[in-house]
Amino acid sequence: MWKIWKEEIYKIASRKIIWCGILVLLAFLTFRLWTIQQDYAVTIDGQTYYGKTAIKKDQELAKEYAGPLTEEKVRAIYDRFGFYYYDEKIDNFRGNFCNKYITEKMTNYRQLSGDNPDEIQFMEGEEWENNAAPLLKGDVQFDYVYGWDDMVETYGITMMLMLSVILIIGLSPVFAEEYTLRTADILLTTRRGKKSAIWMKISAAVFFAAAVYCLASLYIWLAYRYVFGTQGLDASTVLCGALPYHGTYPEEIGAFFVFIFVLGVAGIILLSAVVLAVSAICRNSFMAVVVSMIVFVIPVAWIKIFSPMWILGRKGTMLVNHFMLSQPVYLPLGWGFSFPEDVTVMHLLIALTVTVVCITAGYHKYRNYQG
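Per the working numbering, the very first residue in the sequence shown carries number 54; after that it's consecutive.
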């Protein structure tokens with residue numbers, strides 16, 4: 054029985070397109086991280102630093118202001134460094150992580166061209182109360198999070214989506230290829246061919262996909278740790294610019310990445326189940342890839358195009374929205390939405406249900422195959 058499991062792992066792992074795709078993906082992310090380090094510039098007390106030295110200087114500076122973020126601390130940063138802005142003379146931004154954060158979060162910076170510090174002003178009135186004041190209650194732990202902020206999008210979005218496409222291509226032949234090569238007829242006539250052998254194929258495919266995701270996650274973590282160290286993992290998650298202020302996610306950045314990882318694993322398992330079901334239905338690998346890709350992007354088409362039309366009425370559309378947001382393309386990105394905790398749990402339960410249904414459907418479809 055385990056021989057079938059090992060053979061299936063070997064069969065999937067022997068597909069060169071998977072490793073070529075993963076190699077290109079990791080090479081791209083590594084090159085991007087390298088360019089970030091090379092182009093990194095910081096200005097502290099009139100002195101400008103570049104590259105790895107700039108990162109270290111920025112981190113050392115942030116340590117001076119680490120801890121609860123208060124209005125007094127914001128004022129101290131502003132009095133010492135002023136606002137963050139683009140300096141045409143040096144063709145780069147002038148400032149550091151500390152004044153960059155307060156400039157982007159607490160001023161009219163985003164409404165301006167950003168190259169004239171005299172135009173930048175702190176928010177006032179209702180705008181200040183709605184945007185800046187919630188960050189200054191003393192419950193936001195400030196520290197250097199530039200690298201982690203970048204990793205949120207690189208790891209949580211770019212890697213997840215690209216890896217999903219690679220796994221769709223790699224897992225689509227699991228059953229479909231058996232039909233094409235006529236080996237399904239042989240396997241299904243063996244003593245365990247219509248029972249445990251099929252489950253071994255399914256479990257091997259799911260295990261392989263999850264293992265690839267875990268290894269890719271480890272690589273990204275080690276790469277960012279090498280460049281940025283571990284400073285800021287205990288800082289508040291809301292410091293990351295890609296996140297909504299109100300949402301369901303852990304308060305500390307370190308725990309937040311565990312949350313992203315868990316959603317990613319759930320998304321990969323769900324994706325594997327969907328692809329295996331499609332593979333069991335389609336009679337050749339190419340068609341399985343095409344159909345799996347279509348199924349993968351359908352939720353995007355619904356959310357972006359059809360959902361705003363409210364074509365099923367408000368309740369009907371909202372129900373479909375929740376279903377679509379529980380599918381492989383959106384489930385791993387759930388950290389980026391302002392979902393309350395009960396909605397996140399509901400999406401995970403929907404995903405679990407779809408996973409069970411797809412695996413069961415794939416099992417029975419392949420089991421009942423008659424060449």
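In short, the hints are calculated from the structure, not lab data.
These numbers were taken from a predicted model, which means no experiment stands behind them.
Among the hints, a few may not be true.
Unchecked claim - Here are the computed lysine-lysine pairs in the BS3-like style, where the Cα-Cα straight-line distance is at most 25 Å:
hint, residue 1, residue 2
1, K116, K59
2, K142, K105
3, K110, K126
4, K158, K110
Said to hold, decoys possible - DEER-style ranges, computed between Cβ atoms:
hint, residue 1, residue 2, range
5, N184, C73, 43 to 53 Å
6, E206, V396, 38 to 48 Å
7, I334, E304, 20 to 30 Å
8, G369, A129, 34 to 44 Å
9, K142, G369, 50 to 60 Å
10, E206, I358, 51 to 61 Å
Don't be surprised by glycine CBs; every beta carbon is placed ideally from N, CA and C.
Against the structure, the hints:
1. K116 with K59: Violated. K116 to K59 sits at ~50 Å, over the 25 Å cutoff.
2. K142 with K105: Roughly 22 Å separates the two Cα atoms, so the pair holds.
3. K110 with K126: holds (19 Å)
4. K158 with K110: At roughly 22 Å apart (the allowed maximum being 25 Å), K110 and K158 satisfy the hint.
5. N184 with C73: 43 to 53 Å: holds (45 Å)
6. E206 with V396: 38 to 48 Å: violated (22 Å)
7. I334 with E304: 20 to 30 Å: With a Cβ separation near 44 Å, I334 and E304 fall outside 20 to 30 Å, so the hint is violated.
8. G369 with A129: 34 to 44 Å: With Cβ atoms ~53 Å apart, the hint is violated.
9. K142 with G369: 50 to 60 Å: Since the Cβ atoms of K142 and G369 sit about 58 Å apart, the hinted range of 50 to 60 Å holds.
10. E206 with I358: 51 to 61 Å: Because 24 Å falls outside the window, the suggested range is violated.
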